[in-house]
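Peer 1: Following the working numbering, the numbering of the sequence shown begins with 2 at its first residue and continues without gaps.
Watch out, some of these pointers could steer you wrong.
What the hints assert, rightly or not - No more than 27 Å apart at the CA atoms, straight line, and that leaves these computed lysine-lysine pairs for DSSO-like: (1) 42 to 56; (2) 37 to 57; (3) 16 to 37.
No lab work stands behind these hints, which were simulated from the structure alone. It should be emphasised that the depicted structure is a prediction, and the values quoted were computed from it without experimental measurement.
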Amino acid sequence: MIELGKEEGEGAEEKLREAIGILEQERSLMEKVPDKQLEDKTKRLRQACFKANYKKRKLMGMMEMQSPYSSNCASVEEATGECGTRHEDE
């Protein structure tokens, strides 16, 4: 499905809609028959989606870890003129 989305042209959009329709049918079948196994293509698609979402969350987490420190540092620097430095008398 990811490969279908990368293709250009009118045919690609139709293939993408067809793939989504197949996935919706498979989902409704899974709801009716919970013991049914997913097709290999569907398993690979799910794995790719989970992997992409994991990478996205990991990247966002890394960005959030960096942002608060830099913004806190900026506000401390504005207030005191110093950021992350220790006083010699401490």
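Peer 1: Hint by hint, note whether the structure agrees.
Peer 2: Hints, verified against the model:
In summary, the hint linking residue 42 to residue 56 is supported, as the alpha carbons are separated by about 21 Å, within the 27 Å threshold. Restraint check: the Cα-Cα separation between residue 37 and residue 57 comes to about 30 Å, which exceeds 27 Å; the hinted pair is violated. At most 27 Å may separate the alpha-carbon atoms for a hinted pair to count; residue 16 and residue 37 meet this at roughly 25 Å.
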